[in-house]
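Novice: Spelled out, the chains give:
Protein chains: 2
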Amino acid sequence: MKETPQQAVLRKLFDRIETLGTISSDTPGLTRVFLSKEMDIASRLIQSWMSNAGLIASVDRMQNVVGSWPAETAHPPAIHIGSHYDTVINAGKYDGPLGVLLSIAAVETLRLEGYEPKHPINVAAFCDEEGVRFRSTFLGSSFFCGTFDTRFLDNVDDAGNSMRSLLELRGFDTSSFNQGTPLIGKDDLFLEAHIEQGPILERLNLSLGVVSGIAAQTRIHVTITGESGHAGTTPLDLRRDALTTAAEMILAVEASFADNPNARATVGQIKNYPNATNAIPGEVEFMIDLRNPVTAGLNQMRDTLLNKLDEIAARRTTEFKAEILQTVDSITCDSNVQQALSKALAKHQERVTTFTSGAGHDALKIAQTCRTGMMFVRCRNGLSHHPDEYCSPKDIEVALAAWVDTLRELDQNFPTPEKANA
Amino acid sequence: MKETPQQAVLRKLFDRIETLGTISSDTPGLTRVFLSKEMDIASRLIQSWMSNAGLIASVDRMQNVVGSWPAETAHPPAIHIGSHYDTVINAGKYDGPLGVLLSIAAVETLRLEGYEPKHPINVAAFCDEEGVRFRSTFLGSSFFCGTFDTRFLDNVDDAGNSMRSLLELRGFDTSSFNQGTPLIGKDDLFLEAHIEQGPILERLNLSLGVVSGIAAQTRIHVTITGESGHAGTTPLDLRRDALTTAAEMILAVEASFADNPNARATVGQIKNYPNATNAIPGEVEFMIDLRNPVTAGLNQMRDTLLNKLDEIAARRTTEFKAEILQTVDSITCDSNVQQALSKALAKHQERVTTFTSGAGHDALKIAQTCRTGMMFVRCRNGLSHHPDEYCSPKDIEVALAAWVDTLRELDQNFPTPEKANA
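Line by line, the protein sequences are chains A and B.
Note that numbering that gives the first Met the number 0 gives residue 132 to position 133 of the first sequence, counting from 1, and the numbers run on in steps of one.
Note that numbering that gives the first Met the number 0 gives residue 205 to position 206 of the second sequence, counting from 1, and the numbers run on in steps of one.
One chain only, chain A, in its complex shape:
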């Protein structure tokens, strides 16, 4: 039986997920970080798929890829849909790319129908949401909104390269960053589809969910300075071991959310110096990732934890420095967009559930600029940031159908802004 055009869209979506999942700087595993050669390869693939879908593809200075629907009938405000295409280290292939590729496939589907959009529609693939390389997230979506903080240009990666130097090697004048007109304006809408990265949809036996908002999050860079020395001679009372201090702090971070099932606290990254078997560690750096459904809860949790860490360092006569790198307030997704999503999802599954995201997403950053909405797709065992991350083909098929319906609905009935324009 011959493949229908609709079936071909779905097959290409599955193929593209697999293809992007092979573009990695490490094997085995999937690792694709900002301003890498692998991101350039992925960028060219995404541009070619956008072109095949009838979009006009381009890439901006930050490696963001944008595909614009060339519709003569369309009038602002615009609808932007998409997600990011960078990954964490040793990642899965759905976190980010699924939202980008679903959005391309949604446009392909609508174009097959001969749909003529009323509003400009852009598919976005953001260059850095995870913040692996420069320890700062949402670089792509903030640039897209004109809210990119140019101080981050001087962040330095593990190899000692600043973001600025890498961008300038690519021929860009970093002094003029953020001076153009951003693609996303305050009257626009941004819609993101993403894997859930948590266990809720699986527990409820649902393919899709509507996101009501995104938890507040902060990242804290901790430096502990003790004193290195010979492991075989230095007695315990003369030691100022930075790693045993860090160990006690890591357990305090874990304990900080034991009584709050909606909060999260994680030490994911650690560096130890000099990191030699027979030398007492003289300095340790680690990163704390904190999440809380509301900003006030996050702030309280952070202050309590930092006081506790300060006590530990003082008791162990090590120096303790905590730098709050980034704090993002919690957001609420636009109620009209939530309604449109609920209506679309109800067509494709028995029930609709709406919940807060513990994970941060580009929509969190973009909500500072315009109204946003998000759809979650179930993932196996709630597992993400791991090579075993998995979404079933059936769930992806349902997600595409709902995503097409959502995009059509919002384009046809573009919601009136909740606040009057200035």
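No wet-lab data here; the hints were simulated from the structure.
Some hints could be false.
Taking lysine-lysine pairs in the DSS-like style, the calculated list, with each CA pair at most 27 Å apart, reads [unchecked claim]: (1) B/270 - A/36; (2) A/270 - B/320; (3) A/270 - B/342; (4) A/320 - B/270; (5) A/36 - A/270.
Here the structure is a predicted model, which is why all the values come from computation and not from measurement.
Please build the complex by placing chain B on the supplied structure of chain A, with the hints as guidance.
Specialist: Same frame as chain A, but now just chain B:
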């Protein structure tokens, strides 16, 4: 006033310590690891200094440098003196090189006197005592004794290079390793001078000390396997965090010697995967360094600790693997050599103290082959394996005088072996 030849020997000794202290693969700090370019540079410098001192210098396949006193009057057994010239990461300039350079200066001094040795005298500079690169110590001195374990040839450094591949790149046939006649035989003596790397001599206000023996030591490589996942979503009850498990274990290692002032237990090296801020750590590796004055005490301490770590891993539902990489039994220095050292030291300071070394040294390995003895030189604050490691010029001057006296005494009155030859 013109410099005397004796003053020139001392000045050259100080200059050489400074010069070797600049040959580093990293700046700032001093790092010189096995089979590196910097070790080749240091090797050539040491050979030239040996030649200037009237020694016949050569370098073996392992990068060990040997300077032989060309004395026609000398008859076996031989006396070997020296230490190592590799360093830890971010090291001080005295740990190792001081013993090598004191030994070259001792020969220079004796030759100035017109001394004619009764026994062959070799000055040795060993290529790898610290074991930084391939996580296995005493590579140089074991090769020198013919006890090098060729299984270590397949150890791999952080860049993925095996020791074998690096030696073969240098043109050596690694299949024939250990088949020649070793330089050190069972009837010989080995004498090592070294900084104390501990606080005892400073507390007693003495420049030098006699070493009675060296503590037993072992290195254990621990791997903890949990499960990676998204830091923002995974609830505490679903986490199998390898880093919080490691943190609890690191505190258990520290606690394991809190009640034993003569033992030491240290986690100096740790690696975390995937080591990304927003990913729950899925795997952690770390190294435990254990020391105890006697082998039986070490074994008991190790077993108790490993049981404790096993409990922690089980409670946290992570997998735990412990590999004992290397165990070196405690040794006792030869009593005749201790006497000769005590006699020499008594000429240069008010009192003589004798104590066990908590740090391992080449003498520990060489004691498996022949009788050994060690002299310690005071270091500031007991600090070692650190850029601030320091020995005063006055202490070094006293050390040289005592080292010359010890060498002359043992050459004149070569001690009868305590055990009959086979």
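Novice: Which hint numbers does the structure go against, in order from smallest to largest?
Specialist: 3
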